[in-house]
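Letter by letter, the chains look like this.
Number of protein chains: 2
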Amino acid sequence: MNASSPFFSMKERYFDDLKVGDRFQSEPFEVAGKTIIEFAEKFDPQKFHLNAKSAERSIFKGLIASGWHTAAITMRLFVKTLNFAEGAIGLGVDELRWPNPVRPGDALQVETEILEARSSRSKPNYGIIRLRNVTTNQRGEIVQTMTAAAMVPRRGQRDY
Amino acid sequence: MNASSPFFSMKERYFDDLKVGDRFQSEPFEVAGKTIIEFAEKFDPQKFHLNAKSAERSIFKGLIASGWHTAAITMRLFVKTLNFAEGAIGLGVDELRWPNPVRPGDALQVETEILEARSSRSKPNYGIIRLRNVTTNQRGEIVQTMTAAAMVPRRGQRDY
Numbered sequence: 000m001n002a003s004s005p006f007f008s009m010k011e012r013y014f015d016d017l018k019v020g021d022r023f024q025s026e027p028f029e030v031a032g033k034t035i036i037e038f039a040e041k042f043d044p045q046k047f048h049l050n051a052k053s054a055e056r057s058i059f060k061g062l063i064a065s066g067w068h069t070a071a072i073t074m075r076l077f078v079k080t081l082n083f084a085e086g087a088i089g090l091g092v093d094e095l096r097w098p099n100p101v102r103p104g105d106a107l108q109v110e111t112e113i114l115e116a117r118s119s120r121s122k123p124n125y126g127i128i129r130l131r132n133v134t135t136n137q138r139g140e141i142v143q144t145m146t147a148a149a150m151v152p153r154r155g156q157r158d159y
Numbered sequence: 000m001n002a003s004s005p006f007f008s009m010k011e012r013y014f015d016d017l018k019v020g021d022r023f024q025s026e027p028f029e030v031a032g033k034t035i036i037e038f039a040e041k042f043d044p045q046k047f048h049l050n051a052k053s054a055e056r057s058i059f060k061g062l063i064a065s066g067w068h069t070a071a072i073t074m075r076l077f078v079k080t081l082n083f084a085e086g087a088i089g090l091g092v093d094e095l096r097w098p099n100p101v102r103p104g105d106a107l108q109v110e111t112e113i114l115e116a117r118s119s120r121s122k123p124n125y126g127i128i129r130l131r132n133v134t135t136n137q138r139g140e141i142v143q144t145m146t147a148a149a150m151v152p153r154r155g156q157r158d159y
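Here the protein sequences line up with chains L and U, keeping their order.
Numbering-wise (numbering that gives the first Met the number 0), the first sequence opens with residue 0 and increments by one.
Numbering-wise (numbering that gives the first Met the number 0), the second sequence opens with residue 0 and increments by one.
Think of the hints as simulated: they come from the structure by calculation, not from any bench.
Don't take each hint at face value.
As the list makes no split between identical chains, a pair holds if one copy fits it or if it spans any two.
As the list claims (entries may be wrong) - Keeping only pairs whose Cα atoms sit at most 25 Å apart, straight-line, the calculated PhoX-like set for lysine-lysine is:
no.: 1; residue 1: 52; residue 2: 33
no.: 2; residue 1: 18; residue 2: 41
no.: 3; residue 1: 122; residue 2: 33
no.: 4; residue 1: 52; residue 2: 18
no.: 5; residue 1: 122; residue 2: 41
no.: 6; residue 1: 18; residue 2: 60
no.: 7; residue 1: 33; residue 2: 10
no.: 8; residue 1: 41; residue 2: 10
no.: 9; residue 1: 18; residue 2: 33
no.: 10; residue 1: 46; residue 2: 10
no.: 11; residue 1: 79; residue 2: 33
no.: 12; residue 1: 46; residue 2: 122
no.: 13; residue 1: 79; residue 2: 41
no.: 14; residue 1: 60; residue 2: 33
no.: 15; residue 1: 46; residue 2: 33
Fair warning: this is a prediction, and the values are worked out from it, not measured in the lab.
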């Protein structure tokens, strides 16, 4: 983090800054059709993610983003919103669901709620948080839900 | 799918081709350090994913891939191995874990096991499968585990 970063003025967070019940709302992020196709070509080459024409003939009646693309965008928004000073180490994810598809031009936003916050038993310089991320589109429809656990450094503990 | 596809000669699968206990092993896929950084810049901008130098000073003592990158690579290998004729629609993922980090040059492979296979109650042209994907590196260390549910078309049912 330095003066050239767009996040220079944002608060950097440590485990100590979080408590159960805290909620955070990300900025919106627009998903271009081109990036849906690029992601699919690399990681999820199925016809409803790859090509608008063949996607028309699928159950979705048009191009939709891979669920893993939605998950990756959600991570981006989560990381930028929470702005952990020393990062957050993902331990695991549960109940990852995609109740509605993401389509070209959709603007996604993530709401994060802290569900648990406790000390790490094995690593005293870290805390463990459990959180819920809900990703919605510009119409307020939920496109992804998940819970996750992550290990987050405590303030003033850089010698981990 | 056509003659120009590298998968022309591979068997295309429908729901009807799968049964509980079936196992599939993917080809290996090498993870270049460059792609770890590219993915991180787009989706998971944290220092242990972004830059080899700053990653040296992290708990991982070197660059590691975002867990979401590992998940996306796993999807690629799963899709290419199972080769569903009409795609597989992800319904949800549980117990996604990353027990060991993925580092530049690692060669990942995915083993898929079919845990359940049943008819869809709401969509008679589809079946629902539940599966477990285990992703390992070239040393046989497990880098990701997950279970997933997906909706897969039945053979001869293209009018969905």
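Cross-check of the supplied hints:
{"no.": "1", "hint": "52 / 33", "in the structure": "within (14 Å within a copy, 32 Å between copies)"}
{"no.": "2", "hint": "18 / 41", "in the structure": "neither (38 Å within a copy, 28 Å between copies)"}
{"no.": "3", "hint": "122 / 33", "in the structure": "neither (42 Å within a copy, 31 Å between copies)"}
{"no.": "4", "hint": "52 / 18", "in the structure": "neither (47 Å within a copy, 32 Å between copies)"}
{"no.": "5", "hint": "122 / 41", "in the structure": "neither (36 Å within a copy, 30 Å between copies)"}
{"no.": "6", "hint": "18 / 60", "in the structure": "neither (43 Å within a copy, 29 Å between copies)"}
{"no.": "7", "hint": "33 / 10", "in the structure": "neither (33 Å within a copy, 30 Å between copies)"}
{"no.": "8", "hint": "41 / 10", "in the structure": "between (35 Å within a copy, 21 Å between copies)"}
{"no.": "9", "hint": "18 / 33", "in the structure": "neither (39 Å within a copy, 36 Å between copies)"}
{"no.": "10", "hint": "46 / 10", "in the structure": "between (42 Å within a copy, 17 Å between copies)"}
{"no.": "11", "hint": "79 / 33", "in the structure": "both (23 Å within a copy, 22 Å between copies)"}
{"no.": "12", "hint": "46 / 122", "in the structure": "between (45 Å within a copy, 20 Å between copies)"}
{"no.": "13", "hint": "79 / 41", "in the structure": "both (24 Å within a copy, 11 Å between copies)"}
{"no.": "14", "hint": "60 / 33", "in the structure": "within (17 Å within a copy, 35 Å between copies)"}
{"no.": "15", "hint": "46 / 33", "in the structure": "within (14 Å within a copy, 27 Å between copies)"}
Going through the hint list in order, the structure does not satisfy hints 2, 3, 4, 5, 6, 7 and 9.
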